[in-house]
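Protein chains in written order, with my numbering: chain A, 88 to 266; chain B, 88 to 266.
No lab work stands behind these hints, which were simulated from the structure alone.
Fair warning: there could be bad hints in the mix.
Chain copies aren't distinguished; within one or between two, either way the pair holds.
[Unchecked claim] List of simulated lysine to aspartate or glutamate pairs, DMTMM-like, C-alpha gap at most 20 angstroms:
1) K91 - D128
2) K206 - E187
3) K173 - E251
4) K206 - E231
5) K206 - D255
2 protein chains.
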Amino acid sequence: MKGKNIVFVAKSLDGFIAGKNNELDWLEMVPNPKHNDLGFDDLMNEIDAIVMGKTTFETVLGFGGEWPYEKHLFVLSTSLKSIPEKLQEKVTLLKGSVQEILKSIHAKGFYNLYIDGGKTVQNFLKEDVIDSLRITTIPVLLGEGIPLFDALPKLVEFTHVKTEVFLDQLVQSHYSRKR
Amino acid sequence: MKGKNIVFVAKSLDGFIAGKNNELDWLEMVPNPKHNDLGFDDLMNEIDAIVMGKTTFETVLGFGGEWPYEKHLFVLSTSLKSIPEKLQEKVTLLKGSVQEILKSIHAKGFYNLYIDGGKTVQNFLKEDVIDSLRITTIPVLLGEGIPLFDALPKLVEFTHVKTEVFLDQLVQSHYSRKR
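Model the full assembly from the supplied sequences, consistent with the hints where possible.
Okay, structure coming up:
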């Protein structure tokens, strides 16, 4: 298949992407005075579009301020009825199976996709359509929260591509799907 | 407190230490033709004794062959009645709370401990007595299995010490408890 689906996510040592009440403050517990982008700019240069679910979209909206993405965003939701008017050129609402969603996005000319958000990542992993996993581990045990991974129908092998340590504390490993 | 409690463990990308039926074969999916010890020998030189639960002890016994440990082993169990006769000088059976167990082991002159086995690691983490976490990540999603981590009563912060990639595929990170 043309293009690739990339996950880029931060997790705690015990595998959570958010606290049990959706807390995200622990993501910034390691001081980052020079605003190192932790590989995010490289990712943005590599992709054509972003794909996320409603929950993550609403979290991004909740941050307020300037719209953060230059690349087109696809929001997956069956319940969301419309996109805020000022974002209608930047955001497209989609629904359907993972395969239908990918077909629809590809038909619009977007092939290299940043897949974001807990449920969306899990659904794409279940369909085995994730080509690249880029995981940054924050040195904390949250003890409970919203897990990055969910049960899968079968074992899925990856190949380690590279590991980099940011700010002396954040370990970021890139893996590609072994096919 | 004198000495330290060290966890040294391999996990899948999704945080499992064994498959759902206790499968361990995936731990060896990355070829290791020169038998790299992956840091195990350094660990053994650093510790005075090993601590594990009954399940892990029985797994080790099940491997057969030569007894694998030079250091003294403490097995934690309330149900195990005795240690096989040929191991009685090498293995001591203990029971009690984590604090009682540590007190008893320290009283025997062992201070730097390798804490092994799923339940034992989880119980020691719950009591916040783990000083060093050394985690090797195997590039595979198992999808289900026996998890390394369990719920904790509160967030626990660590400091990243070092990360090393073994065999180009296995990412091993060392963390120390931030106290």
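Comparing the hints with the structure gives:
1. Taking the shortest alpha-carbon separations for K91 and D128, only the intra-copy value of 17 angstroms comes in at or below 20 angstroms, while the best inter-copy value is 40 angstroms.
2. When the C-alpha separation of K206 and E187 is checked against a cutoff of 20 angstroms, the pair qualifies only within one copy, where the shortest distance is 17 angstroms, while the shortest distance between copies is 42 angstroms.
3. Taking the closest pair of Cα atoms, K173 and E251 never come within 20 angstroms of each other, the shortest separation being 38 angstroms inside a single copy and 47 angstroms across copies.
4. Taking identical chains as interchangeable, the C-alpha atoms of K206 and E231 lie at most 20 angstroms apart whether they share a chain (17 angstroms) or sit on different chains (17 angstroms).
5. Neither within a single protomer nor between protomers do K206 and D255 lie at most 20 angstroms apart by alpha-carbon distance, with minima of 30 angstroms and 30 angstroms respectively.
The structure is inconsistent with the numbered hints 3 and 5, although it conforms to all the rest.
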